[in-house]
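Trainee: Please model the complete structure; the sequences and the hints are all you need to start from.
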Amino acid sequence: VPLLLRVVRKAKWYKNPDVPWLRDGDLQADAIADLRTTDNRLSVWHIEDDQSNLRRVAAAYAAGRDSIANFDYAIFNTDVVDDLGVIMDDQPGNSPDSEANEKWRRNLGQFSHRQLFEFAEYLRQSGTVKRMQYADVLESLRQAWDANQLDDRRVKEKILSQLRGDVSN
Amino acid sequence: VVVDLSKVSLTDAESLAATLWAGSYLTDSWSATSRTASTVFPGIQATEPRALSSTTIREIPGDVEHEVQSLFEAARDEEFEDGIESQFSVRLTNLIEAQGDLAMGAINKVMFGGNAALDAASEAMRWLGQMKDPETHLYRIWTLRQGLKSNSLRIRDGAALGLSFLADPRVIPDLELAISREPCAELRSDLESVLDWHKRVR
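Residue numbers (the working numbering), protein chains in the order written: chain A, 3 to 171; chain B, 11 to 212.
In short, the hints are calculated from the structure, not lab data. Please note that a few of the clues may not be correct.
Claimed, not checked - One side of the interface only, derived from the structure: several residues of chain B facing chain A at Cβ under 10 Å:
1) G93
2) E95
3) S99
4) G139
Glycine included, C-beta positions come from ideal geometry on N, C-alpha and C.
Mentor: This is the structure:
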C-alpha cells in the first residue's frame, strides 16, 4: 500500500508515558502546529510502499532549506484520504529536485477543522514518526547532488558549500 | 558571572561550571537560578574549582543579559522548522559570535533557569550545535551536555540534535551515559544514532 509523508518535528509527537503530564491517548497540542494548512490544504509526499524513494524525497525537501539539518517526518497509509473524506491531488512542489516534485509531491485538501483533528488522531494511532539524522540527510543530499538531481540555482549557498566540500558544516 | 572555558578540558570546565551553578562563586543575580540547578541537573554538586587560575571570570553586562532575555521572550511567538533560519536563530547566533562566552553565560542562565519556552530552548540547543564559532565551541558543548541531563524531554531532544551536528569525540561518554539513563525509547534510539556518528568520525 502506498504511503504518504508529512514533515513534522519529532519532539512534538512524543506521547505518554514519555511525556508524563500527557494523558494516555492524547497528543501534545504543539503537534497540531505541524499540521498547519494553507488554503485548507496540507502538503505531503508520496512514498512508495517499499520506501525506495524515501531518501530522495528527504534530499529534495532538505535541499530547499537554509542549511542541512535533520529530517523529521510522519509516515502514514494513503487510506487516510478516503477515511477522512479529504481530497488528494498532484501539486508539483518547488524543491530543487524537479523530478521528485513532479512524481511525488501531493496535496491533501478541503480540510475542515474537524477533519484536521481527526487526521492528528489518525497519525497518533496509526502513523509513524521518524527522524533521519543530520549525517544521513547530508549523505542523501550528496547522493542527489552526485546524481545531478538537484538544480543548484534553487539550493542555498550554505548547503552548496557543504556539498562541494568547502566546509565541514 | 561567566567563565572563559575555551582553554580548559571538559572535565575542568564541568567542575568550574558545577561550582558556579552550585552558588559558591555566584553573584546575587545568580542565586535564584542556582537553587533550581540541582533540579535541572541532579548530578551537580558544589566542588572545588580545579582550574580557576587559568580562567577569566567576568560579569555579564546588563545589556547582553537583557538582549538574551528579550530574544527568548520574542521566541515564544515564533514557529520553528528544522533547517530554516528564524529571527530567533539569527539573533542567537549573531549574539554568540559577537559576545562569545558572555552571551553563552546569559543564554544558560535563561535556558536552565526555567525562563525560556521549551520550544525556544530546544531550538537554541540545535543551533548551539549547528553554528560555527571556535571561540565558544567548548562552552556550547558544555551547554549541550547539560541539556542531555534536563528533566524536559523536549530539551534533551534539542541537545541530542545539537550534538548530531558536531564531530567531537569528547562527547562520546556523555552520549553513552545519556543513553543508559534515557527513559524515552524513541529518543534513546536517536541518541544511539548520534553516538554512532561520533564514533564513525572519531
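Trainee: Decide, hint by hint, whether the structure agrees.
Mentor: Hint check results:
no., hint, in the structure
1, G93, "holds (3 Å)"
2, E95, "holds (5 Å)"
3, S99, "holds (9 Å)"
4, G139, "holds (9 Å)"
Hint violations for this structure: none, all hints satisfied.
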